[in-house]
Amino acid sequence: MTYLVMQTEKSYCIVLDEAGRFKKAANFHYEVGQTLDEIHELTASSPRFTLRHLSAFAATIAAAVLLFFAVQFYQGYMTPFASVYLQINPEVRIDVNRNDRVIGLEAINEDGKDLLEGYDAKKQDLEVVTDELIDLAIAKGYLADGGALTIRLDAPNEEWFLEKGITLRRNLNEYLEEKVSVTIHVVEYSQEEPYTPPRDNPPEEDAGDVTPEPYPTPAMPPDDDSAYDDDGDSDYESEYAAPSESNSPPTVYDDSGYDDSEYDDSGYDDSDYDD
Amino acid sequence: MESTSIVDRVYAAKGDSAAADSLIRDYLPFIKAQTYKVVGRMITDEDDELSIAMIAFHEAIESYSRLRGAFLPYASLVMERKLIDFFRKEKRHMGQLSIDVPVMENEDATYSETLEDQTDAYGEFEMRDATRAEIMELTAQLQEYGITLNDIADNSPKQERTLESCQLALAHARAYPAIIEEFKRTKKLPLKALAEGSGVERKTLERHRKYMMALLLIFSNGYEIIRGHLKQIVYQTKGGLRA
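These protein sequence lines are chains P and D, in that order. Residue numbering for the first sequence follows our numbering, starting at -5 and increasing by one per position. Residue numbering for the second sequence follows our numbering, starting at 279 and increasing by one per position.
Read the hints as simulated data drawn from the structure, not as lab findings. Be aware that one or more of the hints could be misleading.
[Stated by the list, open to error] List of simulated lysine to aspartate or glutamate pairs, EDC-like, C-alpha gap at most 20 Å:
{"id": "1", "chain 1": "D", "residue 1": "Lys462", "chain 2": "D", "residue 2": "Glu415"}
{"id": "2", "chain 1": "D", "residue 1": "Lys436", "chain 2": "P", "residue 2": "Glu12"}
{"id": "3", "chain 1": "D", "residue 1": "Lys509", "chain 2": "P", "residue 2": "Glu12"}
{"id": "4", "chain 1": "D", "residue 1": "Lys369", "chain 2": "P", "residue 2": "Glu32"}
{"id": "5", "chain 1": "D", "residue 1": "Lys367", "chain 2": "P", "residue 2": "Glu35"}
{"id": "6", "chain 1": "P", "residue 1": "Lys4", "chain 2": "D", "residue 2": "Glu459"}
{"id": "7", "chain 1": "P", "residue 1": "Lys17", "chain 2": "D", "residue 2": "Asp294"}
{"id": "8", "chain 1": "P", "residue 1": "Lys4", "chain 2": "D", "residue 2": "Asp323"}
{"id": "9", "chain 1": "P", "residue 1": "Lys17", "chain 2": "D", "residue 2": "Asp299"}
{"id": "10", "chain 1": "P", "residue 1": "Lys4", "chain 2": "D", "residue 2": "Glu340"}
{"id": "11", "chain 1": "P", "residue 1": "Lys17", "chain 2": "D", "residue 2": "Glu442"}
{"id": "12", "chain 1": "P", "residue 1": "Lys17", "chain 2": "D", "residue 2": "Glu340"}
{"id": "13", "chain 1": "P", "residue 1": "Lys4", "chain 2": "D", "residue 2": "Asp429"}
{"id": "14", "chain 1": "D", "residue 1": "Lys367", "chain 2": "P", "residue 2": "Glu32"}
{"id": "15", "chain 1": "D", "residue 1": "Lys509", "chain 2": "P", "residue 2": "Glu32"}
{"id": "16", "chain 1": "D", "residue 1": "Lys436", "chain 2": "P", "residue 2": "Glu32"}
{"id": "17", "chain 1": "D", "residue 1": "Lys436", "chain 2": "P", "residue 2": "Asp11"}
{"id": "18", "chain 1": "P", "residue 1": "Lys17", "chain 2": "D", "residue 2": "Glu412"}
{"id": "19", "chain 1": "P", "residue 1": "Lys17", "chain 2": "D", "residue 2": "Glu438"}
{"id": "20", "chain 1": "P", "residue 1": "Lys17", "chain 2": "D", "residue 2": "Asp432"}
{"id": "21", "chain 1": "P", "residue 1": "Lys4", "chain 2": "D", "residue 2": "Glu442"}
{"id": "22", "chain 1": "P", "residue 1": "Lys134", "chain 2": "P", "residue 2": "Glu100"}
{"id": "23", "chain 1": "P", "residue 1": "Lys4", "chain 2": "D", "residue 2": "Asp299"}
{"id": "24", "chain 1": "P", "residue 1": "Lys4", "chain 2": "D", "residue 2": "Asp304"}
{"id": "25", "chain 1": "P", "residue 1": "Lys17", "chain 2": "D", "residue 2": "Asp326"}
{"id": "26", "chain 1": "D", "residue 1": "Lys310", "chain 2": "D", "residue 2": "Asp325"}
{"id": "27", "chain 1": "D", "residue 1": "Lys436", "chain 2": "P", "residue 2": "Glu35"}
{"id": "28", "chain 1": "D", "residue 1": "Lys462", "chain 2": "D", "residue 2": "Glu412"}
{"id": "29", "chain 1": "P", "residue 1": "Lys4", "chain 2": "D", "residue 2": "Asp432"}
{"id": "30", "chain 1": "D", "residue 1": "Lys310", "chain 2": "P", "residue 2": "Glu3"}
{"id": "31", "chain 1": "P", "residue 1": "Lys17", "chain 2": "D", "residue 2": "Asp304"}
{"id": "32", "chain 1": "D", "residue 1": "Lys310", "chain 2": "D", "residue 2": "Asp323"}
My request is simple: use the sequences and hints to build the entire structure.
This is the structure in structure tokens:
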């Protein structure tokens, strides 16, 4: 690239390059009409920091902060945090965010589609949605006295599973108290082995208007887990299974208050026992 | 404390190269003193380092803001930085063989004196004279349009894409001489005809109006030497490039 000197001043000169750009450059005692191979171009060494730049900078920071909070809000509000599978015969999946707000509702089977027809649950509280879906199930004949309801929780952690499992069952027990008598199972979601409710307490024909009995709050897992088996299966399903009727015991009970005075232990040899 | 007059003069000289040049002339002793501090030897008007320091002072005028504090310390800093850059660049050329060193030890004759001068000094002088005359003529003609070379340098496109857009408009004007005739008759840039004909945005042409006027004048008539220098101008058309 060569430069044609067009004008000279004491401190600078104006040159024309071969591409047609007029530039200001250092004047090394050039003469007008001289052709140069190299120039020291006049450039603004550093941008002017004006009020306009300050405003632009502040606006950029504000936009970045706003974007940060928007992303945080989106992640917190719109990202599924956990899923609740409501299984009667219709099966539906309810996706909730961190605030337990319903952000997605999907039918898992054909009856599920029928159940959800015309129903919109978005942005409602999880407990409201479960109540309303059970109302729908009752109205459409999917759930009646003596029926079973399984809630499978696809929880991100055990804490959420325990807290939500207890809350949901208590809420449903209270809600269904004067409506129908059903067995409510709350289990941990497992994709590999879909949960099948136990059938050891078949529904009786004359269950009448027996209301579900509030199930005692299950104890939190002990610090010492030596009592836990390690067979890989969740024991929650049996521990948290509520009785379907007041006179039908759950599968496993805490037997600490059980009176075993009538137990016949006469055949037990305790001769070696040192009193 | 620095007097406010210099700051006022600096602000007045922003975007006004003539005012900047005047300010530099007034502060030449200061510029020489600062250059001396960096270079470490006496500075004369013929030294390249002084030219670099002056252009740096010019840059300091353009980039100065009151937020940067006093002007003269700021200008010193800019000059020092520019001189250091200049030395770095010059250092790259050091250690190369010079034709001005003696051919033999203890002899005065240098390589340059032993080489045959292939250049036509008289021809070069004549060529530069003719070029200078053409430039003077162009400068005078631009003044009729109320434009100076300083204006054009300030208005010249900085980005490659803008430069290409201006060249596209120029190519259209050259293809339709009536546009150039109208420009010379009215002394106004026919923005509508150029924008519609070349497909370049009117806003782009408006922003570089003075530059476009200079290009149209250079390519209207005469100015053979200047046009010969503009080798890289590619006449672009909508369909592609046409050299």
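Cross-check of the supplied hints:
{"no.": "1", "hint": "D/Lys462 - D/Glu415", "result": "holds (15 Å)"}
{"no.": "2", "hint": "D/Lys436 - P/Glu12", "result": "holds (14 Å)"}
{"no.": "3", "hint": "D/Lys509 - P/Glu12", "result": "holds (5 Å)"}
{"no.": "4", "hint": "D/Lys369 - P/Glu32", "result": "holds (16 Å)"}
{"no.": "5", "hint": "D/Lys367 - P/Glu35", "result": "holds (14 Å)"}
{"no.": "6", "hint": "P/Lys4 - D/Glu459", "result": "violated (37 Å)"}
{"no.": "7", "hint": "P/Lys17 - D/Asp294", "result": "holds (14 Å)"}
{"no.": "8", "hint": "P/Lys4 - D/Asp323", "result": "holds (10 Å)"}
{"no.": "9", "hint": "P/Lys17 - D/Asp299", "result": "holds (16 Å)"}
{"no.": "10", "hint": "P/Lys4 - D/Glu340", "result": "holds (17 Å)"}
{"no.": "11", "hint": "P/Lys17 - D/Glu442", "result": "holds (17 Å)"}
{"no.": "12", "hint": "P/Lys17 - D/Glu340", "result": "holds (15 Å)"}
{"no.": "13", "hint": "P/Lys4 - D/Asp429", "result": "holds (18 Å)"}
{"no.": "14", "hint": "D/Lys367 - P/Glu32", "result": "holds (12 Å)"}
{"no.": "15", "hint": "D/Lys509 - P/Glu32", "result": "holds (17 Å)"}
{"no.": "16", "hint": "D/Lys436 - P/Glu32", "result": "holds (18 Å)"}
{"no.": "17", "hint": "D/Lys436 - P/Asp11", "result": "holds (12 Å)"}
{"no.": "18", "hint": "P/Lys17 - D/Glu412", "result": "holds (18 Å)"}
{"no.": "19", "hint": "P/Lys17 - D/Glu438", "result": "holds (14 Å)"}
{"no.": "20", "hint": "P/Lys17 - D/Asp432", "result": "holds (8 Å)"}
{"no.": "21", "hint": "P/Lys4 - D/Glu442", "result": "violated (32 Å)"}
{"no.": "22", "hint": "P/Lys134 - P/Glu100", "result": "holds (18 Å)"}
{"no.": "23", "hint": "P/Lys4 - D/Asp299", "result": "holds (7 Å)"}
{"no.": "24", "hint": "P/Lys4 - D/Asp304", "result": "holds (11 Å)"}
{"no.": "25", "hint": "P/Lys17 - D/Asp326", "result": "holds (19 Å)"}
{"no.": "26", "hint": "D/Lys310 - D/Asp325", "result": "holds (10 Å)"}
{"no.": "27", "hint": "D/Lys436 - P/Glu35", "result": "holds (12 Å)"}
{"no.": "28", "hint": "D/Lys462 - D/Glu412", "result": "holds (18 Å)"}
{"no.": "29", "hint": "P/Lys4 - D/Asp432", "result": "holds (18 Å)"}
{"no.": "30", "hint": "D/Lys310 - P/Glu3", "result": "holds (17 Å)"}
{"no.": "31", "hint": "P/Lys17 - D/Asp304", "result": "violated (24 Å)"}
{"no.": "32", "hint": "D/Lys310 - D/Asp323", "result": "holds (9 Å)"}
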